[in-house]
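As they're listed, the protein sequences go chains U and V.
So the first sequence is numbered by my numbering: it starts at 1 and just counts up by one.
So the second sequence is numbered by my numbering: it starts at 1 and just counts up by one.
Careful: at least some of the hints might be erroneous.
[Unchecked claim] Partial list, computed: chain U residues near chain V (C-beta under 7 Å):
| no. | residue |
| --- | --- |
| 1 | Gly9 |
| 2 | Gln11 |
| 3 | Gly14 |
| 4 | Cys71 |
| 5 | Phe74 |
| 6 | Leu75 |
| 7 | Thr149 |
| 8 | Ala180 |
| 9 | Thr207 |
| 10 | Gly209 |
[Stated by the list, open to error] DEER-style ranges, computed between Cβ atoms:
| no. | chain 1 | residue 1 | chain 2 | residue 2 | range |
| --- | --- | --- | --- | --- | --- |
| 11 | U | Val107 | V | Ala11 | 20 to 30 Å |
| 12 | U | Gly9 | V | Asn3 | 18 to 28 Å |
| 13 | V | Val14 | U | Leu196 | 18 to 28 Å |
| 14 | U | Cys115 | V | Cys18 | 16 to 26 Å |
| 15 | V | Ala11 | U | Leu86 | 35 to 45 Å |
| 16 | V | Cys18 | U | Arg33 | 34 to 44 Å |
FYI, nobody ran anything at the bench for these hints, they're computed from the structure.
Here the structure is a predicted model, which is why all the values come from computation and not from measurement.
Just so it is clear, CB atoms sit at the ideal spot from N, CA and C, and this is done for glycine as well.
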Amino acid sequence: MDSWVVSYGIQYVGILIEAGLIVLVAQRSQRNRPISVLLYLSCLLASALARAYALRVYGLTSRQYFYIYWCTDFLLVISAFILVCLFFRRACLHEEKMWRFARLLLVFVFVVVLCISGLVFSRNYKDLFPYFVYEFNQNLYFACLVLNTLLYLLLQQIESTDDQLGLLVCGVGIQFAGPAATLALVHITSSERFALSLNSFSIPMCTIGMLLVWAYAILHVKEKAIQVARREIPVLAEVAAHLNIQI
Amino acid sequence: MKNLVLTFLLAVLVVLTCVTIRRIVSGSPTLAGQKTTLVAIGADPVPPTPPKPSN
């Protein structure tokens, strides 16, 4: 009973943080607004509201909640993949060659995921939902995890100065790697009860973790911009003094 | 610290790749209406038991 109260609490905390972050991002100037983050947060919030409604009306063990949960998960993995693609574009903004390679890789990964999921579906073509949606969701989820790890390595390799992007990628990493790690634990321990309960809690907790890291990333960069603006004053004064000497 | 995190991630990926390969070789899908351990996105409670696929 208590664990369900905690689950519902986490759900509402998640909705509040998502709504707060959307407001925070939307309030920023057009230039500093990360559109990819805004789009993903909107999908997260829309899914969370649909799930909360279904949970309240139909209940946790109902078939309706089950279908709404996994259909919205389908929307979320697609939007997560788009988010990772947009992060790749942002990381390779000044590296055209790298972006061409990354674009090919992203298309290739998506086609491979579609083919593998289609292969499983072709064996069980009578049931689109249980087989294709589960397979596609799970495969694209792990593809996003691998691509996000590659993106993190790429950022280290090119020594990116985009601190905000680094933190956003770390946030996505928390969201993907946490549940994947507990799923691995479930497989290693042959579905131990502790591992199973840890797995069910890790999914919401890692999403909350990602949202908190994103909140920090958005606020941190804002503070940094103010610091840069303050530091420019002595530089301008120095240039002006230099020009006076020249004149 | 960074290397430790990356090694951990790599270990997770290796385990999951092995599980996926075993599943592909044995020819069974992730869910045949029985297995419930999955990964998902969102802060909402995961539905506990999926209904069996209709025949």
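Structure-based check of all given hints:
Interface restraint check: U:Gly9 against chain V, minimum CB-CB distance 10 Å, threshold 7 Å, status violated. A hinted interface residue such as U:Gln11 counts as satisfied when its beta carbon comes closer than 7 Å to some beta carbon of chain V; here the least separation is about 5 Å, so the hint holds. Against a cut-off of 7 Å between C-beta atoms, the interface hint on U:Gly14 holds, since the closest Cβ of chain V lies about 3 Å away. Among the interface hints, the one on U:Cys71 is violated; its C-beta lies about 12 Å from the nearest C-beta in chain V, farther than the 7 Å criterion.
Taking 7 Å as the C-beta contact cut-off toward chain V, the hint placing U:Phe74 at the interface is violated, the least distance being around 10 Å. Interface hint status for U:Leu75: violated, as the beta-carbon distance to the closest one in chain V is roughly 9 Å, over 7 Å. Against a cut-off of 7 Å between C-beta atoms, the interface hint on U:Thr149 holds, since the closest Cβ of chain V lies about 6 Å away. With a cut of 7 Å, the hint placing U:Ala180 at the interface with chain V holds, because the nearest CB-to-CB distance is about 5 Å.
With a cut of 7 Å, the hint placing U:Thr207 at the interface with chain V holds, because the nearest CB-to-CB distance is about 5 Å. With 7 Å as the threshold, the beta carbon of U:Gly209 stays out of range of chain V, its nearest partner Cβ sitting at about 10 Å, so the hint is violated. For U:Val107 paired with V:Ala11, a C-beta distance near 29 Å keeps the hint of 20 to 30 Å intact. The hinted range of 18 to 28 Å is not satisfied by U:Gly9 and V:Asn3, whose Cβ atoms lie roughly 36 Å apart.
The given range of 18 to 28 Å is respected by V:Val14 and U:Leu196, whose C-beta atoms sit roughly 22 Å from each other. Judged by the Cβ atoms, the range 16 to 26 Å given for U:Cys115 and V:Cys18 holds: they are separated by roughly 21 Å. Here the CB-CB span from V:Ala11 to U:Leu86 is close to 29 Å, at odds with the stated 35 to 45 Å. Taken as a hint, the range 34 to 44 Å holds for the pair V:Cys18 and U:Arg33, whose Cβ atoms sit roughly 42 Å apart.
When held up to the earlier numbered hints, the structure conflicts with 1, 4, 5, 6, 10, 12, 15 and fits the remainder.
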